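Peer 1: So you can see what is in the structure, the chains are spelled out below.
Protein chains: 2
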Amino acid sequence: MSEFETVPYSDGDLALTGHLIRPTGEPRGAIAVFPTIMNVTPAVEAKARALAEAGYLAFIADFYGRTPEGPIAFEWADALRADVGIWRARLRATLDTLDGLAPDSPKAAIGFCMGGQAVLELARDGADLAIVASFHGLLDTQTPAERDAIKARILVCHGDADPLVPRDHVLEFWQEMDRAGADWHFHAYGGVKHGFTNPSPPPGNDVVAWDRSADRQSWAAMLGLLEESLEDR
Amino acid sequence: MSEFETVPYSDGDLALTGHLIRPTGEPRGAIAVFPTIMNVTPAVEAKARALAEAGYLAFIADFYGRTPEGPIAFEWADALRADVGIWRARLRATLDTLDGLAPDSPKAAIGFCMGGQAVLELARDGADLAIVASFHGLLDTQTPAERDAIKARILVCHGDADPLVPRDHVLEFWQEMDRAGADWHFHAYGGVKHGFTNPSPPPGNDVVAWDRSADRQSWAAMLGLLEESLEDR
Chain E
1 MSEFETVPYS DGDLALTGHL IRPTGEPRGA IAVFPTIMNV TPAVEAKARA LAEAGYLAFI
61 ADFYGRTPEG PIAFEWADAL RADVGIWRAR LRATLDTLDG LAPDSPKAAI GFCMGGQAVL
121 ELARDGADLA IVASFHGLLD TQTPAERDAI KARILVCHGD ADPLVPRDHV LEFWQEMDRA
181 GADWHFHAYG GVKHGFTNPS PPPGNDVVAW DRSADRQSWA AMLGLLEESL EDR
Chain Y
1 MSEFETVPYS DGDLALTGHL IRPTGEPRGA IAVFPTIMNV TPAVEAKARA LAEAGYLAFI
61 ADFYGRTPEG PIAFEWADAL RADVGIWRAR LRATLDTLDG LAPDSPKAAI GFCMGGQAVL
121 ELARDGADLA IVASFHGLLD TQTPAERDAI KARILVCHGD ADPLVPRDHV LEFWQEMDRA
181 GADWHFHAYG GVKHGFTNPS PPPGNDVVAW DRSADRQSWA AMLGLLEESL EDR
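In the order they appear, the protein sequences are chains E and Y.
Per UniProt numbering, the very first residue in the first sequence carries number 1; after that it's consecutive.
Per UniProt numbering, the very first residue in the second sequence carries number 1; after that it's consecutive.
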């Protein structure tokens, strides 16, 4: 396994910086990793490193081209997501870059919180990915998937006590996926909050909490579905 | 791994026959396996064998003390479940027998269809099990769990297109588990029907269908949660 390399890329005029980590040996696949609203953090780097340890090339996306300090991230995120064309282009720039980095590897995408929302948006946009996996991602969208638009298999790992994703969003999401004809797996963890994969959540925050079991089991589920889906391609 | 041994046991005056299979070496745990409404079948034996291959002692329960031929199974099952005291006693007889067979092993219970309903009933009844795992089991009950009654961790693996378990049952179940303070994981598989773990479902039946991915992924999820839960005890 390598250390992280920074990879400059761009979305139109905006300069972005990805973080790439390679496995020892030939990658089993190339995985785009979409971070939380805070952009690249040690928690997300740890997940990319775990992918490399499992034999995958992992490439962490850059949402903004700069690092947010504190709550300004919410403004940047809202601005980015306000126009679905801009939002999808920003996400696609990461996949295009990953295609250049690993042209012969099968691709997948995973994401955390806003990154989970991002990978679902890529799926709705018809991205050619083996799977997308969302960890405590937002499920709602202004652009529900069209019939047969989704190519990727979908895995959503969701804390049922996540205040940002109430149960009516869950049911709407299932309905959206069925209408689109998607292949989806949805894992709900009782009593588990937002951000359950991050062992060091921001203090003084009732919305997020690490959950060791949900973190372990969701990661294993993702690796299992990824391996199966790559075998089947 | 051994071959199956038959183990006579009883529930009151009713003679029952369990099917036991042992792993090679010291068992990592002892697992009660509750079959479908059809009682022991090759599909359930295959799952018990897979548990033994994974290092567990597995003991297949006997619901009726005899083998149903065809639709008579539904009558027998309805009669057995009509009185929760009788139903729970029948299930407890299996756990008691397993305690005698493997007194020093930590215990868990898994079940398929009616067997999934059975293991959830055992959890509601406060059985001292590391986990219970239901595969395409019925979720409704006449005796919802009391607050703090459930000791076992709960895993439900559910086909979202199972006509026997509509989405309102799913939501009621989540509410029941939360009210009881249970630790639960719920996996829903989009478009997947009842009986998804059985590669040879009865022909001419629109309710059931094998799903290779749901079968594989649910099994891996169960083994992962079981291993984690045994480590934590």
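If you are wondering where the hints come from, they were derived from the structure by calculation, not from laboratory data.
Where hints are given, some of them may not hold.
[Stated by the list, open to error] Pair ranges (Cβ atoms, derived):
id, chain 1, residue 1, chain 2, residue 2, range
1, Y, D148, E, P203, 28 to 36 Å
2, Y, P144, E, E53, 38 to 46 Å
3, Y, A82, E, D178, 28 to 36 Å
4, Y, S10, E, D178, 42 to 50 Å
5, E, D83, Y, G126, 50 to 58 Å
Computed from a predicted structure; not experimentally measured.
No residue lacks a Cβ here, since even glycine has one placed at the ideal position from N, Cα and C.
Peer 1: The structure should be examined with respect to each hint, and the outcome stated for every one.
Peer 2: Here is what the structure says about each hint:
For D148 (chain Y) paired with P203 (chain E), a C-beta distance near 30 Å keeps the hint of 28 to 36 Å intact. Taking 38 to 46 Å as the suggested C-beta distance range, the pair P144 (chain Y) and E53 (chain E) conforms, at roughly 43 Å. In this structure the hint that A82 (chain Y) and D178 (chain E) lie 28 to 36 Å apart at CB holds, the actual value being about 35 Å. The supplied range of 42 to 50 Å is met by S10 (chain Y) and D178 (chain E), whose beta-carbon atoms lie about 47 Å from each other.
With their beta carbons about 54 Å apart, D83 (chain E) and G126 (chain Y) fall inside the hinted range of 50 to 58 Å.
The structure fails none of the hints (numbered hints given earlier).
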